[in-house]
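2 protein chains.
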Amino acid sequence: MIVVKAGGSAGLDMQAICADVAEFTQQDARIVLVHGGSQETNTISEKLGHPPRFVTSVSGHVSRYTDRETLEIYTMVTAGRINKSLVEHLQRLGVNAVGLSGLDGRLLEGKRKAALRIVENGKTKVLRGEHSGRIERVNAGLLLTLLQTGYTPVIAPLAISYESQTVNVDGDRAAAAISSAIKAQILIILSNVPGLLQDVRDETSLIAHIPLAQAQQHLEQYAQGRMKRKLLGAIEALQQGVGKVIIADGRVSQPLHRALAGQGTVIQ
Amino acid sequence: MIVVKAGGSAGLDMQAICADVAEFTQQDARIVLVHGGSQETNTISEKLGHPPRFVTSVSGHVSRYTDRETLEIYTMVTAGRINKSLVEHLQRLGVNAVGLSGLDGRLLEGKRKAALRIVENGKTKVLRGEHSGRIERVNAGLLLTLLQTGYTPVIAPLAISYESQTVNVDGDRAAAAISSAIKAQILIILSNVPGLLQDVRDETSLIAHIPLAQAQQHLEQYAQGRMKRKLLGAIEALQQGVGKVIIADGRVSQPLHRALAGQGTVIQ
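Read top to bottom, the protein sequences are chains A and B.
Residue numbers 1 to 268, in our numbering, belong to the letters of the first sequence in order.
Residue numbers 1 to 268, in our numbering, belong to the letters of the second sequence in order.
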């Protein structure tokens, strides 16, 4: 089983990714596709007159502030627009895709974070009404039932809290949690860069291999912005039994073929 | 098994409906909930600057003109916003709901209608670029797998064409097709009226019982607007083996209890 994370940021060639998913499923590979939604949520939020707000945490991470209205837009865009458009596209390619969010059958369950500690104008403050969360449990049974009956699950990065509230979750870490839960051999995280770079301004500075033991150090030394979460997801997945994680380029033709051929950053 | 259709029009008490679904599933009833989306699609369409357009067919039916942009909004609202909000609400009540659209696993499949013959300013014309459809096949296997493993499917009224295009379908007829396919004992169609009325202006003029043989005649004589489709759905379901169809009031407390106690129009 292979878990593929794709999307969320600009530049990914979703058509090429779907074409590869179709080719591999036709060769009897079992694939779970996890997508994103940040970029389109921003566009629709602007149109609906509720522009996105990004905040900086005390630890220096920039993240979306997900108030209730943002959560509703994020849900609509991610589980409705993007998820169903991927399902339609995959179906057209002969893949019997089933789109789910983490709410469905409590697929992705975890703790809601209801407040953020942020830094604004140099001052630390607490921002309440947040609806994001961190996945702690995965309903692998539902995914395995679907995979065993020939379906290809397509998952929107939303989870359900223990109090049954919808929460926004990070797509990379959702993919990591899913790959651990179903004991996937490989997790492929497709991005709009070729992998982890020594110098973010230089795409030729790719780090091709990272042993798991050195992954945390690489995270601290080289990863910036969203790449931090991808590496964090990779470490979590490997620690929980996934065989291999490949962070690879999602902007190219045949992105899954290339990733599996070792193009990208392979963490093992 | 019971199929419940609820929503699409104003006034339904979705909380009361979900509470009843929770009570019945806790008593081991297997329920499939089919919802609507018209009303909220109109609201979001207006906000996004693409107001809904309604047209009158040559046979006098008023329906939504679903161009590509409307379809995308309809998909986002129906499969994203409404479907996941129902799943969240049911999960909070202890129901292990799984939200799907007709695209997922080709759950609802049929023919796309790409053009409408309409009457405008007294003239008949053909309006192209329509994305609605009529369900001809139901993937009962996927629903039965979910029901047998303890999930409660919640279905958004979208279908997939034979060419794998998303199409907007009527929710009442989707519920009818599903109830036939899974051989449900009962189909309950909840509406914002008490059932089929002899006089639409008089809610006390309820027709309590209709034998199947007289249903077509009742449809022609009494049904107006959306009630026509409900009766049409009822007839289709009964002809394909569903035991009983109840068109009942969805604005009241305990709507499923009341419907099953015979309050509403029972067609048999």
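If you are wondering where the hints come from, they were derived from the structure by calculation, not from laboratory data.
Be a bit skeptical, because a hint or two may be false.
No copy is singled out in the list; a pair is fine if it fits within one copy or between any two copies.
Simulated pairs of lysine-lysine, DSBU-like, Cα-Cα distance not exceeding 35 angstroms [claimed, not checked]:
no. : residue 1 : residue 2
1   : 125       : 183
2   : 123       : 244
3   : 228       : 125
4   : 183       : 47
5   : 123       : 183
6   : 47        : 244
7   : 244       : 125
8   : 111       : 47
9   : 113       : 228
10  : 47        : 113
11  : 228       : 123
12  : 125       : 47
Verification of the hints:
no., hint, verdict
1, 125 to 183, "neither (40 angstroms within a copy, 57 angstroms between copies)"
2, 123 to 244, "neither (41 angstroms within a copy, 65 angstroms between copies)"
3, 228 to 125, "within (24 angstroms within a copy, 57 angstroms between copies)"
4, 183 to 47, "neither (41 angstroms within a copy, 44 angstroms between copies)"
5, 123 to 183, "neither (44 angstroms within a copy, 63 angstroms between copies)"
6, 47 to 244, "neither (40 angstroms within a copy, 45 angstroms between copies)"
7, 244 to 125, "neither (40 angstroms within a copy, 59 angstroms between copies)"
8, 111 to 47, "both (30 angstroms within a copy, 33 angstroms between copies)"
9, 113 to 228, "within (20 angstroms within a copy, 48 angstroms between copies)"
10, 47 to 113, "both (27 angstroms within a copy, 30 angstroms between copies)"
11, 228 to 123, "within (25 angstroms within a copy, 62 angstroms between copies)"
12, 125 to 47, "both (29 angstroms within a copy, 33 angstroms between copies)"
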